[in-house]
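Q: Those protein sequence lines, which keep their order, are chains C and P. For the first sequence, counting from 1, position 152 maps to 139 in the working numbering; every step adds exactly one. For the second sequence, counting from 1, position 223 maps to 245 in the working numbering; every step adds exactly one.
The hints are simulated quantities; they were obtained by calculation from the structure and are not laboratory data. The structure presented is a predicted model; accordingly, all values stated were derived computationally and were not measured. Treat the hints with care, as some may be off.
As the list claims (entries may be wrong) - Quick look at which bits of chain C chain P covers, simulated, 3 or more residues with Cβ under 8 Å: (1) 129 to 142; (2) 158 to 171.
What the hints assert, rightly or not - Here are the in silico distance ranges between beta carbons for each label pair: (3) C:Ile119 / P:Gly29: 58 to 64 Å; (4) P:Ala253 / C:Ala5: 50 to 56 Å; (5) C:Val18 / P:Leu30: 57 to 63 Å; (6) C:Asp67 / P:Arg246: 45 to 51 Å; (7) P:Val254 / C:Pro10: 41 to 47 Å; (8) C:Gly183 / P:Trp131: 28 to 34 Å; (9) P:Ala261 / C:Ala59: 52 to 58 Å; (10) C:Ile22 / P:Pro53: 32 to 38 Å.
Positions of the beta carbon are idealized from the N, C-alpha and C atoms, including for glycine.
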Amino acid sequence: MRTALTVLRKDLLLELRAMETVPAMVLFAIVTFVIFHFGLNRATIEGQLAAGVLTVTLLFASMLGINRLFVAEREQGGFDAFLLAPVDRSALLVAKAAALFTFLVVLELVAVPAFGLLLLGPPLGPRLLGLIPVLALADLALAVIGTLVSAIAIQTRARDLLGPVIGLPLLIPALIATARGTGPLLAAHTSGSPPGKWLAILALYDAVFALLAYALFDFLLED
Amino acid sequence: MSIYGRGLRGLAIVTVVTISTALVLVFFYAPLDADQGFIQKIFYIHVPLAIVSLCGFVLGGLFGAGHLRTGERKWDMRSYVAIHMALIFGVGGLITGSTWAKASWGHWWEWGDPTLVSFLIVLLLFATYQPLRFSIEDPERQSRYASVFAVVAGAFVPMNFIVVRLSQEFVHPRVLTLTGGNLPGPMRLTFVVSLAGIALLYATLWKYEMAAKNARGQARALRRALLGDDAVRPLGRSAAPS
């Protein structure tokens, strides 16, 4: 656990100093909202359409972070250093997933209010509390699958290509649950609480793939 | 090294007999569907293809787990061939399914059918298996990464089906469940024989490809031993394990 915290601290510090990934993700998300405005030719959207736009934007923005996740390890010998250290290898998975999760939360702290401001028809305020559990579980899914796929893709020749191509189909169940879970929240009239069915499915998805990733991650590091 | 050619002839004969029986049953024994008429008979090839292909994907995941546990290359070969064959069967299932949808619902594609949609998602995921293998050069790492992928994707198959099924507000009436559903007797018998035929076909092709790959590997090893390293041209980069 201490190893994971150390690596996480390293990653967050690196991001804080270099400001490389998260600002790009935020900008990408906002530009995507603008594109959706013109693409859909709508001033405001609501309900399932709004949920779809939000989910797709967050997903594609997260792909930027997923592609960058292991680049420093690969290019500057972090993998070798980590393998030489007498530490549990799963710590790298935990640390990287936690870093990605943090990036996604920061992204959403900016992108969700921006979405409310730019595109969402009904006011965002009363819906915010219901959105938090859905987005948190969705971030967990993106963080787990993203770390696993990124660790696979970084060792291939076409690394920026394979990550999204493998990651997107794997994430489809989580995205269905996220979009359907947020749809009723973003409708004109809402009860303000997300549908329990989709929260349960997201939680199940997170649990299954987190366990799988934990079991399999060691094999991606051996050399 | 195991010999995969053993028993291949017997298996092939059983497969041919079962498939012929299934075809006879489909065309001369099973009654015409009251609603859909003759086109419904594509069901006897489409559904078995899809079921066998999904089982093949899960099997590939199990073999992949075997490779990760034992570290033996033969498990990777088994996993690769299982997924490779399942992909071919899956494309067949998708094409026959689409044909059936066109004939019975009037569209080539029907988003309302959760089984069809989940099947497409699974196929899209496994379509990245070969590109993934191809883009890793080191053979040892290639097989290890491919096995990790196979295990994750194998677990993904049931998960995906549950979620897509739940996402439909109106699920089409399920004529078919794994227990045979509410098919009338003659139709169920025909279906079970067709399913057995396709499953046997999968097993035969799997065994055949394993035998061929093994024979090629052994022939190369023998040539190298007899004629020296220079006599054997190095293999080109490939997605297949060697």
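Q: With 41 to 47 Å as the target window, see if Val254 of chain P and Pro10 of chain C comply at their CB atoms.
A: 54 Å, violated
Q: Just tell me: holds or violated, for the beta carbon distance of Ile22 of chain C and Pro53 of chain P against 32 to 38 Å?
A: This hint is violated: roughly 55 Å between Cβ atoms.
Q: Does the beta carbon distance between Val18 of chain C and Leu30 of chain P stay inside 57 to 63 Å, or does it fall outside?
A: Between Val18 of chain C and Leu30 of chain P, where Cβ atoms are some 58 Å apart, the hint holds.
Q: Is the hinted range of 52 to 58 Å satisfied by the C-beta distance from Ala261 of chain P to Ala59 of chain C?
A: 29 Å, violated
Q: Please check whether the stretch 129 to 142 of chain C has three or more residues whose CB lies within less than 8 Å of a CB on chain P.
A: Three-residue rule met by the stretch 129 to 142 of chain C, so holds; n is 3.
Q: Okay, Asp67 of chain C versus Arg246 of chain P on CB: inside 45 to 51 Å?
A: 33 Å, violated
Q: Verify the coverage statement for the stretch 158 to 171 of chain C against chain P, using a C-beta to C-beta distance below 8 Å and requiring 3 or more qualifying residues.
A: As far as the stretch 158 to 171 of chain C goes, the hint holds, because 5 residues have Cβ atoms under 8 Å from chain P.
Q: Is 28 to 34 Å respected by the C-beta to C-beta distance linking Gly183 of chain C and Trp131 of chain P?
A: 32 Å, holds
Q: Indicate whether the distance between the beta carbons of Ala253 of chain P and Ala5 of chain C respects the range 50 to 56 Å.
A: Since Ala253 of chain P and Ala5 of chain C have Cβ atoms about 54 Å apart, the given range 50 to 56 Å holds.
Q: Given the range 58 to 64 Å, decide if the beta-carbon distance of Ile119 of chain C to Gly29 of chain P lies inside it.
A: 59 Å, holds
The structure does not agree with the numbered hints 6, 7, 9, 10 stated previously, though it agrees with the rest.
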